[in-house]
Amino acid sequence: MAELRGDFGPGPDRVLTEHFGKDGLDTLAGYQKVGGYEGWKKALTTMTPSEVIDEVRTSGLRGRGGAGFPTATKWSFIPKEPGTKYIVCNADESEPGTSKDRYLLENSPHALVEGIAIACYAIGAHQGWIYIRGEYDLQYQMLQRAIDEARKAKLIGPSPFGSKYAVDIQLYRGHGAYICGEETALLESLEGKRAQPRSRPPFPAIKGAWGRPTALNNVETLITVSWILAHGGAAYAKFGTEKSKGTRLFSVSGNVQRPGVYEMEFGRPFRELIEGKAGGALPGRKLKAFWPGGSSAPVLPADMLDTPTDLESLAAAGSMGGSGGVIVMDDSHCMVKAAARLLQFYAHESCGKCTPCRVGGNWAVRTYARILSGQGSDVDLGLLDRVQAGLQGGRCLCGLGDAAGWVIESSMNRFRQEYEEHALHNNCSVEQGALAHA
Amino acid sequence: MSLSPHAVEEIKELPTRFPAQSRSAVMPALDIAQEELGYLTPELIKEVAGLLDLDSGYVEGVATFYSLFHHKPVGKHRFYMCTNLSCSLRGAEDLVKHALDQVDVSTTDEVSPDGLFSVEEVECLGACEFAPMMRLDHKFEYDLTTEKLDALIAARRDSQPKKKKASHG
Ligand SMILES: Cc1cc2nc3c(=O)[nH]c(=O)nc-3n(C[C@H](O)[C@H](O)[C@H](O)COP(=O)(O)O)c2cc1C
Ligand code: SF4
Ligand code: FES
Numbered sequence: 001m002a003e004l005r006g007d008f009g010p011g012p013d014r015v016l017t018e019h020f021g022k023d024g025l026d027t028l029a030g031y032q033k034v035g036g037y038e039g040w041k042k043a044l045t046t047m048t049p050s051e052v053i054d055e056v057r058t059s060g061l062r063g064r065g066g067a068g069f070p071t072a073t074k075w076s077f078i079p080k081e082p083g084t085k086y087i088v089c090n091a092d093e094s095e096p097g098t099s100k101d102r103y104l105l106e107n108s109p110h111a112l113v114e115g116i117a118i119a120c121y122a123i124g125a126h127q128g129w130i131y132i133r134g135e136y137d138l139q140y141q142m143l144q145r146a147i148d149e150a151r152k153a154k155l156i157g158p159s160p161f162g163s164k165y166a167v168d169i170q171l172y173r174g175h176g177a178y179i180c181g182e183e184t185a186l187l188e189s190l191e192g193k194r195a196q197p198r199s200r201p202p203f204p205a206i207k208g209a210w211g212r213p214t215a216l217n218n219v220e221t222l223i224t225v226s227w228i229l230a231h232g233g234a235a236y237a238k239f240g241t242e243k244s245k246g247t248r249l250f251s252v253s254g255n256v257q258r259p260g261v262y263e264m265e266f267g268r269p270f271r272e273l274i275e276g277k278a279g280g281a282l283p284g285r286k287l288k289a290f291w292p293g294g295s296s297a298p299v300l301p302a303d304m305l306d307t308p309t310d311l312e313s314l315a316a317a318g319s320m321g322g323s324g325g326v327i328v329m330d331d332s333h334c335m336v337k338a339a340a341r342l343l344q345f346y347a348h349e350s351c352g353k354c355t356p357c358r359v360g361g362n363w364a365v366r367t368y369a370r371i372l373s374g375q376g377s378d379v380d381l382g383l384l385d386r387v388q389a390g391l392q393g394g395r396c397l398c399g400l401g402d403a404a405g406w407v408i409e410s411s412m413n414r415f416r417q418e419y420e421e422h423a424l425h426n427n428c429s430v431e432q433g434a435l436a437h438a
Numbered sequence: 439m440s441l442s443p444h445a446v447e448e449i450k451e452l453p454t455r456f457p458a459q460s461r462s463a464v465m466p467a468l469d470i471a472q473e474e475l476g477y478l479t480p481e482l483i484k485e486v487a488g489l490l491d492l493d494s495g496y497v498e499g500v501a502t503f504y505s506l507f508h509h510k511p512v513g514k515h516r517f518y519m520c521t522n523l524s525c526s527l528r529g530a531e532d533l534v535k536h537a538l539d540q541v542d543v544s545t546t547d548e549v550s551p552d553g554l555f556s557v558e559e560v561e562c563l564g565a566c567e568f569a570p571m572m573r574l575d576h577k578f579e580y581d582l583t584t585e586k587l588d589a590l591i592a593a594r595r596d597s598q599p600k601k602k603k604a605s606h607g
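Line by line, the protein sequences give chains A and B.
Under our numbering, the first residue of the first sequence is numbered 1, with each subsequent residue one higher.
Under our numbering, the first residue of the second sequence is numbered 439, with each subsequent residue one higher.
Calculated directly from the structure, the hints in this document are not laboratory data.
Some hints could be false.
[Claimed, not checked] Taking lysine to aspartate or glutamate and the EDC-like style, the derived pairs with C-alpha atoms no more than 16 Å apart in a straight line are: (1) A/Lys193 / B/Asp469; (2) A/Lys353 / A/Asp168; (3) B/Lys514 / B/Glu473; (4) B/Lys577 / A/Glu275; (5) A/Lys193 / B/Asp491; (6) A/Lys337 / B/Asp532; (7) A/Lys286 / A/Glu275; (8) A/Lys193 / B/Glu498; (9) B/Lys510 / B/Asp469; (10) A/Lys337 / B/Glu531.
[To be verified] Pairwise CB distance ranges (calculated): (11) A/Gly276 / B/Glu451: 24 to 34 Å; (12) B/Lys535 / A/Ser377: 44 to 54 Å; (13) A/Gln170 / B/Ser597: 32 to 42 Å; (14) B/Lys484 / A/Gly394: 18 to 28 Å.
Glycine included, C-beta positions come from ideal geometry on N, C-alpha and C.
The following block holds chain A by itself, in its conformation from the complex (with noise of 0.2 Å):
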């Protein structure tokens, strides 16, 4: 049984997480008891598939893999001509802070078939894959055996609920890239290759999983089509705001009282989730800093705390809604140490096939160094500028680049004094405090 740290039970704006802690809830009796697949019965025996689009259209249901991208819309990129398709989900979770979509896959598993099962309906495939990263060893297990338990319940098959729409699933595990979370390197490792992102076009909606139209989506946005289709697009556009529908999972980490994945409604403000819900600061701390999506949406400080959490709103505040990690740093801790080890992972992550990612990266973390171990200068700061302003802006071939210079520019915009206290002046303010802290 999975080990539960996060929302769970019924609630108002529990969505995804109203059943779980439930006994049984991975298994396929437990699930159908909650009224599982019956979003999946009602596409397969009552819809046609661009009435399951129109459904998903409704909702307003947006990618929650990082791009906010429309559903609905990207289903609609796929051809309607006949011939082999495919829906990949994305199960490959990397992105520094994130785990829900883990929460998720822990909890129930059969929840990930199901939406899998009506995803690939709505754009006529007849076979998901996903792609699951190497390292969730339970997770796998639990997809492995719901699928099994689906397919001998012929909820999926040959032929689901009697129909004659054949629907399978095959489980395919990653080796420990981060590049591989991004759609295009996933599909290269699918194939067999080194992760290395493709130039684009063609999208995968025309040429993905071996030269065939796919349909990429992100772990939670596929379960939450099962909510949809059960419960209807509507019900569903209730929640949030009018750009950003729906609820979201949050994992909250670093220096909270109560580090866990939180679900919660779009557009209410990042205070109610970090100092409600994971209980804010520990005692005799003060928060610090916060990054609102995963390690790649740009640092906000903790004075920014009541942001609300819709997309529009975190982009109006110069940051993004990402994967929907939260990070959160307390007073006790140094932001331009904890640049430099994001800019580590970034570089040591870096697929190597564009220049300023690849060598930018490198220069960030060498210069890094320099500053931590005291022999910065200005000479320094300049360079981290530079470095920043080369990785992004569409000079590289997919997003890791640009988020490791959004890392490098929001940590210098936001806590400028103490790249300038340790790069000018040898001294860290923060641990001082720290130690004469503790």
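Chain A is fixed; fit chain B with the ligands onto it per the hints.
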């Protein structure tokens, strides 16, 4: 060291599972090969390439791209310790030092003298609400402390079969 007959059979079956056949079978095949020793040798890579009818340079290119494939000996129990931001904010770096110390190695490149342990620093493992955490023997270990690390190490030392006694699994 070459592949066991059982591994050879398993690898030969793999391509039928995929539309593009042998290319997509590369990683599952390398998984099977890696089970033999805990890491991949040039010979094992060549053998996998041969079984899948692929160029061995190609297979090596794949094997070196992904961090879950190892190319040097690893401990029987490998600590994959997350040191990304959420875990670092909750003390991961000190725990890595502690683990290295306790298994008696000085770097993440070494295997402990008894062959039982090695330690690797890894990126976010997607369980940040349980930080600091790690993956060990295909299982996640949460809310790590020095005491918890000590207990995990001790349990593995204790369960070692005494020399010369037969053991299964
Ligand atoms: C570097 C990088 C890493 C990504 N990692 C993930 C990931 O781990 N999981 C995920 O669902 N999407 C990830 N994405 C986003 C995917 O490319 C893609 O947009 C998403 O899976 C689409 O699904 P959605 O429309 O349901 O959000 C990543 C993107 C980039 C640029
Ligand atoms: S931006 Fe970086 S990770 Fe993305 S394709 Fe270019 S080199 Fe690879
Ligand atoms: S940062 Fe350690 S598990 Fe995510």
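Consistency of the hints with the structure:
1. Of the pairs offered as hints, the one joining A/Lys193 and B/Asp469 holds, with about 15 Å between alpha carbons and a cut-off of 16 Å not exceeded.
2. Proposed proximity of A/Lys353 and A/Asp168 is contradicted: the alpha carbons are some 34 Å apart, above 16 Å.
3. A threshold of 16 Å between alpha carbons decides the hint, and for B/Lys514 with B/Glu473 the separation of about 11 Å falls inside it, so the pair holds.
4. Proximity of B/Lys577 to A/Glu275 is assessed by CA-CA distance (about 31 Å); at most 16 Å being required, the pair is judged violated.
5. Proposed proximity of A/Lys193 and B/Asp491 is supported: the alpha carbons are some 15 Å apart, at most 16 Å.
6. A distance of roughly 15 Å separates the Cα atoms of A/Lys337 and B/Asp532; the hinted pair therefore holds under the 16 Å criterion.
7. Distance restraint check for A/Lys286 and A/Glu275: the Cα-Cα separation of roughly 11 Å lies within the 16 Å cut-off, and the hinted pair is therefore satisfied.
8. Restraint check for A/Lys193 and B/Glu498: satisfied, since their Cα atoms lie roughly 11 Å apart, inside the 16 Å limit.
9. Only pairs whose Cα atoms come within 16 Å are accepted, and B/Lys510 paired with B/Asp469 is accepted, the gap being roughly 15 Å.
10. Of the supplied pair hints, the one linking A/Lys337 and B/Glu531 holds, its CA atoms being roughly 12 Å apart against a limit of 16 Å.
11. Checked against the hint of 24 to 34 Å, the pair A/Gly276 and B/Glu451 fails, with Cβ atoms roughly 52 Å apart.
12. About 30 Å separates the C-beta atoms of B/Lys535 and A/Ser377, a value inconsistent with the hinted range of 44 to 54 Å.
13. Between A/Gln170 and B/Ser597 the beta carbon distance is about 35 Å. The supplied range of 32 to 42 Å therefore holds.
14. Distance hint for B/Lys484 and A/Gly394: a CB-CB separation of about 41 Å, inconsistent with the stated range 18 to 28 Å.
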